[in-house]
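Trainee: Listed here are the chains, written in short residue letters.
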Amino acid sequence: MKLFSNKRLIISLISLIILIALMGVTLGNRGTVTWPEKMVQDTVAWVQGLIYKPAGYIAGFFEDIGNLSRLYEENKTLKRTLSHYARDTARLNVLMAENERLKEALRFTERQKLSDKLVYQIARVVAVNQDTSNNVFKIDLGERDGIKPDLPVVTTDGLIGRVIRVSEFSSNVLMLKDINDQSLNSRGISVTSLEHPDSFGVIEAYDHETGYLIMSKIKQEDPLQVGDTIVTSGLGEVYPAGLIIGTVVSRQEGSFGITHVAEIKPAADMSMSGLREVFVVQNAWDVAEP
Amino acid sequence: MWLVVCILFLLESSLMPWLLPTSVGGMQLNITVHFAFVIILYVGIYLNRRLAIGMAFAIGFMHDILFYGHVLGAYTFSMCLTTYVISMLLRDTHVSWYTGLGSISLSILVFDYLVFGLYTLFQITSVSPWWYFVHAALPTLILNMIFASAIYYPVINIFARIEKFVAPEEPDDYKVGNP
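First to last, the protein sequences are chains A and B.
Once you know that position 134 of the first sequence is 134 in my numbering, the rest is easy, because the numbers rise by one and skip nothing.
To convert a position in the second sequence, counted from 1, into my numbering, add 1000.
Same shape as in the complex, but just chain A:
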């Protein structure tokens, strides 16, 4: 047959099939990271870090000049907040001591005591992927530093993503805005409200058009209100409790009318610009007893 005598056509068709098959096979979470992948990841991450960090400092310098005028106002507000902070710290110390004493009285095990303590490991961003559909950035901490897949990553403002792949000296972080209820791989985050700790919901999607996270599965009688701060509830066992996610912007009936849906404005900047340092959050118990 004429069609099959064409070697080039056959080759291109076969490579097409192989590539599509590769995508199908690698879709989802593969268990282990192979060593060639690790090597490439680490080598390139090191080079990218060499460029990304100085570029960030230079960009930061120009940003600082622009910010000078705003600093005075900011300083005034900060001083006011500081006085509140001192008052709150005193109260917190008292409460913490009491909590400690009560736990002692109730014979909490060492694991239970450590399980609500979080360890924040600072990591520097070395590269950012700008692709709209694949929001991944790389950090300079890896397996050697005790990083494991699925650890939450936060900025100073709030939750920004989770570790998705780990190699020796670097790892990939998938951003929170990649969460998608139609995808087979993405997982919801069980959340609650800081002001109303009884409320329950699941963050399952991100609306790219508005830039808000969608919180669903809220009961109709749930006390959640607009303006509440949304934090992780720790019920999902992946994210520890108390990581700030954002604030409620609106709440309305869901598409079936059975549960309510709320829009959450993320606390962390989701635009991926100017990312410098992030924190990998780990349970104190997991760090102590790997």
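These aren't lab readings, by the way, just hints derived from the structure by calculation.
The beta carbon of each residue, even a glycine, is placed where N, CA and C say it ideally should be.
One should not assume that every hint holds.
The calculated SDA-like cross-link candidates involving lysine to any residue, where the alpha carbons are at most 20 Å apart (straight line), are [to be verified]:
1) K38(A) with L1029(B)
2) K53(A) with L1011(B)
3) K7(A) with L1010(B)
4) K265(A) with D286(A)
5) K38(A) with C1006(B)
6) K7(A) with G1054(B)
7) K53(A) with F1061(B)
8) K38(A) with L1010(B)
9) K7(A) with M1088(B)
10) K38(A) with F1061(B)
11) K265(A) with L1029(B)
Residues from chain B that face chain A, not an exhaustive set, calculated with beta carbons under 8 Å [as the list claims (entries may be wrong)]:
12) L1010
13) S1014
14) N1030
15) A1058
16) F1067
17) Y1068
18) H1070
19) V1127
20) W1131
Keeping the supplied structure of chain A fixed, place chain B upon it in accordance with the hints.
Mentor: Just chain B, lined up with the frame of chain A:
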């Protein structure tokens, strides 16, 4: 040539995020930088098709591995296919500057939508195509076309020099333009 493409590829993810705006006038923009891909397209159209496909494969695969989020191979597939098709279409013809730049812009658009289509196919993203066009594909296209037109003359000059250098060695199957 490989060195230039590799350096551009590294700059894409490390230097460019600091230079690009993420929103203009309150509208969120997702500009993706494809400078290495632009060079690959230049090579494919003006220099050597096989070299271009090889580079597209290497750089695409590199990108896939480095930013492994969901699937492996989306960039490899889209880059290779776009480079292959565009260099096949334009082989054996003398390519003028407007055909060259036009086909590069078309390739970038097609490439963006191939990646987007693959992610939609695997249900990783659920953004509407029109939103993607306005917020991601169009700004990306504009930025990369600025880059492509800026480097047009230097690239053509360097390619002409390379051709002069390579041509005497393989006079039989090497045609001027695109083999």
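Trainee: Could you run down the list of hints and mark each one as holding or not?
Mentor: To see whether the hints hold, each was checked on the structure:
{"no.": "1", "hint": "K38(A) with L1029(B)", "in the structure": "32 Å, violated"}
{"no.": "2", "hint": "K53(A) with L1011(B)", "in the structure": "12 Å, holds"}
{"no.": "3", "hint": "K7(A) with L1010(B)", "in the structure": "35 Å, violated"}
{"no.": "4", "hint": "K265(A) with D286(A)", "in the structure": "31 Å, violated"}
{"no.": "5", "hint": "K38(A) with C1006(B)", "in the structure": "19 Å, holds"}
{"no.": "6", "hint": "K7(A) with G1054(B)", "in the structure": "18 Å, holds"}
{"no.": "7", "hint": "K53(A) with F1061(B)", "in the structure": "25 Å, violated"}
{"no.": "8", "hint": "K38(A) with L1010(B)", "in the structure": "17 Å, holds"}
{"no.": "9", "hint": "K7(A) with M1088(B)", "in the structure": "16 Å, holds"}
{"no.": "10", "hint": "K38(A) with F1061(B)", "in the structure": "14 Å, holds"}
{"no.": "11", "hint": "K265(A) with L1029(B)", "in the structure": "18 Å, holds"}
{"no.": "12", "hint": "L1010", "in the structure": "6 Å, holds"}
{"no.": "13", "hint": "S1014", "in the structure": "4 Å, holds"}
{"no.": "14", "hint": "N1030", "in the structure": "4 Å, holds"}
{"no.": "15", "hint": "A1058", "in the structure": "11 Å, violated"}
{"no.": "16", "hint": "F1067", "in the structure": "4 Å, holds"}
{"no.": "17", "hint": "Y1068", "in the structure": "5 Å, holds"}
{"no.": "18", "hint": "H1070", "in the structure": "6 Å, holds"}
{"no.": "19", "hint": "V1127", "in the structure": "5 Å, holds"}
{"no.": "20", "hint": "W1131", "in the structure": "6 Å, holds"}
In this structure, the earlier hints numbered 1, 3, 4, 7 and 15 are contradicted, and the remaining ones agree with it.
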